[in-house]
Structures are given as structure tokens and as C-alpha cells.
Amino acid sequence: MEMKILEKGTKFQEPKITPNDFREWVRDKKPRVMKDKVMDAKTAVKRFVKNGDIVSISGCSFVRIPVAILHEFLRQGIRDLYVAGGTRSYDVNMLTDNGRVSHIDPGYIIGLEVLGIPKMTRKIVEQAVTKGELTLTEWDNASMAWRHKAAAMGIPFIPVRHMMGGDGFKYSGAVKVECPFTKEKVVLVPALYTDVALIHVHESDIYGNARITSGAIVEDWGKVRGAKRVILSTEKIIDTEEIRKQPSSTFVPYFYVDAVVEAKYGSHPGNMPGCYYVDIEHFNEYMKACEDMTGKALKEYYDKYVFSVDTFEEYLQKIGGEKKLKYLEDLEFLKVKPGGNSQ
Amino acid sequence: MNEEYNAMELMTIIASRDIEDEKIIYVGTGIPMLVTSLAQKTRNLKITPIFEVGGIGPEMPTLPLSVACSRTTWRALRAADSSEAFEIAQAGFADYAFLGGAQIDKYGNLNSTVLGDYHAPKVRFPGSGGANAFASFAWKTMIIMNHEKRRFVEKVDYITSPGYLDGAGARERIGLPPGTGPYKVYSTKGTFDFDEKTRRMRIFALNPGVTVEDVIANTGFELVIPSKVRDTDPPTREELRILRDEVDPYRIILGRGEA
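Top to bottom, those sequences are chains A and B.
Residues in the first sequence are numbered consecutively from 99, following this note's numbering.
Residues in the second sequence are numbered consecutively from 1043, following this note's numbering.
You may find that some hints are simply not true.
Claimed, not checked - With a straight-line cut-off of 25 angstroms between C-alpha atoms, the simulated SDA-like cross-links for lysine to any residue are: (1) Lys433/A <-> Ile1066/B; (2) Lys217/A <-> Glu1129/B; (3) Lys435/A <-> Ile1284/B; (4) Lys268/A <-> Arg1215/B; (5) Lys274/A <-> Glu1126/B; (6) Lys106/A <-> Leu1157/B; (7) Lys435/A <-> Glu1288/B; (8) Lys106/A <-> His1161/B; (9) Lys1164/B <-> Gly1134/B; (10) Lys281/A <-> Lys1270/B; (11) Lys281/A <-> Glu1129/B; (12) Lys128/A <-> His300/A; (13) Lys221/A <-> Ala1162/B; (14) Lys221/A <-> Leu1157/B; (15) Lys1164/B <-> Gly393/A; (16) Lys268/A <-> Gly1142/B; (17) Lys221/A <-> His1161/B; (18) Lys435/A <-> Glu1126/B; (19) Lys386/A <-> Trp1116/B; (20) Lys326/A <-> Phe353/A; (21) Lys268/A <-> Ile1284/B; (22) Lys274/A <-> Glu1288/B; (23) Lys221/A <-> Gly1211/B; (24) Lys114/A <-> Val227/A; (25) Lys229/A <-> Tyr1160/B; (26) Lys1197/B <-> Thr235/A; (27) Lys402/A <-> Glu412/A; (28) Lys274/A <-> Glu1046/B; (29) Lys1191/B <-> Lys109/A; (30) Lys229/A <-> Gly1142/B; (31) Lys109/A <-> Gly1134/B; (32) Lys221/A <-> Phe349/A; (33) Lys433/A <-> Arg1215/B; (34) Lys221/A <-> Arg1215/B.
For the record, the hints were derived by calculation from the structure and aren't laboratory data.
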């Protein structure tokens, strides 16, 4: 029996990391001992990230994104990144705004969903695409989720029943075939193995046994399980005994994880479900900076919040410190109205 | 209560009236969130909203700002992941999906990716997000957008989400799950459905004060015009009150209708 290839996306390419490459990496490099992996963000990025990496980022848009780790990317000059782009926004904007990305597999990029489209960010992406400095391979949130999932499963591709009806297929790296079993037409999307995944969670022990205790999981099971290296940042470090008491609550076990970074409020200005809500005032400031089409205001924004500070703790002071963070916690639990005062 | 209403309020209210009870609805970011939330609050529906990154059956106490924001899992039945959310739709549970876009054509194909040349974009939009999968899997796709000639075009610059492609039978021929496709379009001018034979967009009902000529003048393609066109009732005071006071009190999305 043979599988008939009907059509190929124009961005079809051999995978950069194959399932067998990944298996060998897992055999040789992934930890089998529960050892203390706690380190600061600076050390984690220095040790586990290099220019040109294929990177995936946790959460979605401005929800449960690893901002503390991304600040280190910016400060350490990490560049030439290949970004897995299912449902991205502020996180990937931080990288594209600063010229650090050479390729994106977008599902969703640039826009801050309900909060609008930052104009300067959009201009930067449009210009980079036109100049050929940034290449895009079109996917969508479903195919990206399944590409991460396929990597987690250790397989080379997964068949899906959408994508065939749009121009996205044409600009994708997908392949349309006739199913050998049902004779239906299906689209095969390649597994997306990455060099590094940046994952922000609610709780982890010092070994990387971690939990997401609230909110949607997004594509994060796949992102963690299909990455050669995983940097985990966590709101809180908990005792392994807590994990053992409730094993069905564990999001991932330690052997996927390479670094554990304690980063309370590590998703700010994003929302961390069950902890703190979106800092709308801060996003308004970012959006306003993006109104200046010379790019000067946006540069000042990053200078103020990222390049002129040394640590994430220092950044948290700049955005309003304890008072602001308490307000965002109250907002999350509807104890205060937007713009109101916390008790 | 101001009896006047803006374009966004009008579209939201009219679309929300069509949401059927006891159905599973995939809710995209932006206006679809308003519509679903309004339907839940005005008519006390027992619908199950699903958000593409994993929120299943939330109560949405306030307008979500993102498809992942904690309001999409607030008192929800389950917080799943993206693959599961899309797998549920692929397996046939998605009764309705709600989408918006920058351009639409006569077959209900939607563009939310790019204006102009793909390789040298005049405007780059965020792209598909979950839209292509929603439009492929949902039994009925509902579309909401501003009615302007530059948006209702003969041919979209890029098909992000498939409508009926180039006519009847095209979806099935290309391999999409049979029996799916655009169901209704809600615009600032009226409500539109699709002719069963040709799958071309047809006027279904006119918004208050809008004439057929007005719709034609603002549409960049030839619409199917039935012998009888319904008139849509204007928003009621109660609908406006709930929308303004409870669904989007800070006018995060409603404010855009003023432009």
C-alpha cells in the first residue's frame, strides 16, 4: 500500500531536528537524576540558550508568558532566533521589536488580541519581511499545537483535517496526502522539535517536577516534551513531598527540565491565572510607545524596563512594586475593579 | 439609557440573538467574546463556550482580554490544552464557531493574514490564530465584521479561513469535513446567509434603517437578493443595558464602534 502525495506547501523543508536526533539527545543529555537545578535567570539563559536556537515560549499572548526569562534574552543579546509562533503576542513582540528573530512559524503574531495591534511592532515585522530579514512559514494555532504534540510523541508528523482550504497551506511546510486507510484527503504537519522551551509555571520543586495550577495549558505539554532544553521559571518553589502527595497534578516530571528559575510575578505585565491579572495600564504604555512610528518611544520603553535594569526584581519595582502587584492580585480575583484601589 | 447605539453594539446584539441554546460554541478573540457573553447574560443560555487554548465551559465574569486569559477558565468545567480543544472540534463537537476578519468574499472566505502582496505586505495582520481550524471543523461558522466596500470584496487577498472557496461542493472536494461551512454573516448593514445551490452570499435581513440599495452600494461583489428580505428589530433597552453595564463596562471593544 502506498500513500499518495497530492500537494506540498511551498515552504516545505527537511526538519532541522528529526525524531532520531531528538532520541539521541534525550539518551545522552537529559537528566535521569533528581538534582537541584535552581539557578537565576541570567545563568539559565547563559547556559542553555544560544544564537540561532529554535525556541518555544509558554502560555499564550500575554498569559503565563516567561517574561523574566525573555528579559534575559534581550539583555544577553540572544539573536537570530527561530520562533515557534502559535498564539504569540507580547512575548514574541519583545524579540521582534529588538530585531532578535529571523524566522517565525506563526499561528498568531503581533496583535495583543482584545487590547489591539501595536503599530510600530507591525511596521517592524512588515519591513523585516519585505527586506527578507524575517521569514515566515504560515501555520495556525491548531497545526502548531499538533506539531508540538507530535514532537512530544516522538513521531515525525501528524495528520490533520484542516489547512487544505486556505492560502496558509500554500505558504506552509505541510503536505497533503490521500489517507491509505479511509481514502480521505488529510494534511500532514511536521513535528516541531525545538532547541529550547521557556516555560512559566505556578509551582515546581528544585528538580523541575512542576505544576500548572490554574488556567489553560495552551500548547505547553508539547513544548516541554519536544524541546532539547527546558528552562522552567516558577512563581513558587515547593517541596517534592507536595508533588508526591498529588501526582495527578504534576504537569511535567523532572527529567524534561534543565533549569528551574524562581520568578515570582514572572509573567508580568501578563496574566498569571490564579495569581495576578493583566496589567492593562502597562500595556497601554507599551501600545502608546508603539504609536510613535519613528521607533524612538518604543526604544525608550525597552531601555526603561529591560536594558537599564539588571534583574527582574528591579523591573518589578519600576512597574509599581508591591502596591501595583497587590492590585493585580486583587484584580485577578475580582476583588477590585480596573483602575480601583486595593484594600 | 441612551437609545442610540454604535455599529459595534448593533452587530453584537443582533448576532447574540441567533445563538442557539444547548450548543457548543468556539469563541475567537475580540467581538465573538462580546457576542457569546451577551447571549449568556441576556438569555441565560445553557451553552458551552470553548476557547482554543483550553478553556471549556467558563462563566466569563468579565470580558476576556485574551483567549487564554483567566476569565476563559473562570469556574470552567475544564482547563485543557490547545490540542485537546482543537481535537474536540475536529471530532465533530463544534456546533458553532464565531470569527471576524479584515476581508470577506461572496463565498464567505475570510482574510485575517495580509493585505497586498504576501511577500511585501501592505498590512500584515496577526494571521489565522485558531480561525482556519474553526472554519474547517465547525458545523456552522458565524462571521462578524464591519460592512465596507473594501472589506466585502470580490476576491480576498489571502484566504486565511475557508468559506465555500469557489462554490458549492468545493470544501468537500478539497478534503474538508463534509457538512461544514459559513452559516451567517453579521455586518453593520445586515445579516447574510448563503444560497444553498451556489453557496453565494445572500441578504437575509436588513439592520434598522438600511435599504437593499445601501447594502449593494457598500458591497464589492454581487449579492444574491431574495424576493423577501426581513427587517431586523433594533436593539432593546435591556440588550443595550446588559451589553454596556455587564459585558463590556470599560468599552474595551465597544469603544471601537465609535470611530
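Consistency of the hints with the structure:
Restraint check: the Cα-Cα separation between Lys433/A and Ile1066/B comes to about 30 angstroms, which exceeds 25 angstroms; the hinted pair is violated. Between Lys217/A and Glu1129/B the alpha-carbon distance is near 34 angstroms, which puts this suggested pair outside the 25 angstroms criterion. Between the alpha carbons of Lys435/A and Ile1284/B the distance comes to roughly 18 angstroms, so the proposed pair stays at or under 25 angstroms and holds. Taking the CA atoms of Lys268/A and Arg1215/B, the gap is about 17 angstroms. The hint holds against a cut of 25 angstroms.
For the hint pairing Lys274/A with Glu1126/B, the CA-to-CA distance comes to about 22 angstroms; that is within 25 angstroms, so the pair holds. Between Lys106/A and Leu1157/B the CA atoms are separated by roughly 24 angstroms; this keeps the pair inside 25 angstroms, and the hint holds. A threshold of 25 angstroms between alpha carbons decides the hint, and for Lys435/A with Glu1288/B the separation of about 13 angstroms falls inside it, so the pair holds. At most 25 angstroms may separate the alpha-carbon atoms for a hinted pair to count; Lys106/A and His1161/B meet this at roughly 19 angstroms.
This hinted pair does not check out: Lys1164/B and Gly1134/B have alpha carbons roughly 37 angstroms apart, beyond 25 angstroms. Note on Lys281/A and Lys1270/B: the hinted pairing is violated, with a Cα-Cα distance of about 43 angstroms set against a maximum of 25 angstroms. The hinted pair formed by Lys281/A and Glu1129/B meets the criterion: a straight-line CA distance of about 20 angstroms does not exceed 25 angstroms. Taking the CA atoms of Lys128/A and His300/A, the gap is about 23 angstroms. The hint holds against a cut of 25 angstroms.
Between the alpha carbons of Lys221/A and Ala1162/B the distance comes to roughly 12 angstroms, so the proposed pair stays at or under 25 angstroms and holds. Simply put, Lys221/A and Leu1157/B have alpha-carbon atoms about 13 angstroms apart, close enough for the 25 angstroms limit, and the pair holds. Taken as a hint, the Lys1164/B and Gly393/A pair is honoured in the structure, with Cα atoms around 19 angstroms apart against an allowance of 25 angstroms. A distance of roughly 22 angstroms separates the Cα atoms of Lys268/A and Gly1142/B; the hinted pair therefore holds under the 25 angstroms criterion.
About 14 angstroms separates the Cα atoms of Lys221/A and His1161/B, which keeps this hinted pair within 25 angstroms; it holds. Annotation: proposed proximity of Lys435/A to Glu1126/B is violated, straight-line Cα distance about 33 angstroms (limit 25 angstroms). For the hint pairing Lys386/A with Trp1116/B, the CA-to-CA distance comes to about 30 angstroms; that exceeds 25 angstroms, so the pair is violated. At most 25 angstroms may separate the alpha-carbon atoms for a hinted pair to count; Lys326/A and Phe353/A meet this at roughly 11 angstroms.
Between Lys268/A and Ile1284/B, the direct Cα distance comes to roughly 44 angstroms. Violation of the 25 angstroms bound is thereby established for this hinted pair. Between Lys274/A and Glu1288/B the CA atoms are separated by roughly 46 angstroms; this puts the pair beyond 25 angstroms, and the hint is violated. For the suggested pair Lys221/A and Gly1211/B, the alpha carbons sit about 39 angstroms apart, so the restraint of at most 25 angstroms is broken. For the suggested pair Lys114/A and Val227/A, the alpha carbons sit about 22 angstroms apart, so the restraint of at most 25 angstroms is met.
Distance restraint check for Lys229/A and Tyr1160/B: the Cα-Cα separation of roughly 13 angstroms lies within the 25 angstroms cut-off, and the hinted pair is therefore satisfied. With a CA separation close to 23 angstroms, the supplied pair Lys1197/B and Thr235/A stays within the 25 angstroms bound. This hinted pair checks out: Lys402/A and Glu412/A have alpha carbons roughly 11 angstroms apart, not beyond 25 angstroms. With a C-alpha separation of about 51 angstroms, the suggested pair Lys274/A and Glu1046/B falls outside the 25 angstroms cut-off, and the hint is violated.
Under the criterion of a C-alpha separation no larger than 25 angstroms, the hint pairing Lys1191/B with Lys109/A is inconsistent with the structure, at around 33 angstroms. Between Lys229/A and Gly1142/B, the direct Cα distance comes to roughly 30 angstroms. Violation of the 25 angstroms bound is thereby established for this hinted pair. Between the alpha carbons of Lys109/A and Gly1134/B the distance comes to roughly 30 angstroms, so the proposed pair goes past 25 angstroms and is violated. Between Lys221/A and Phe349/A the alpha-carbon distance is near 38 angstroms, which puts this suggested pair outside the 25 angstroms criterion.
With a C-alpha separation of about 53 angstroms, the suggested pairing of Lys433/A with Arg1215/B is violated against the 25 angstroms cut-off. Between Lys221/A and Arg1215/B the CA atoms are separated by roughly 38 angstroms; this puts the pair beyond 25 angstroms, and the hint is violated.
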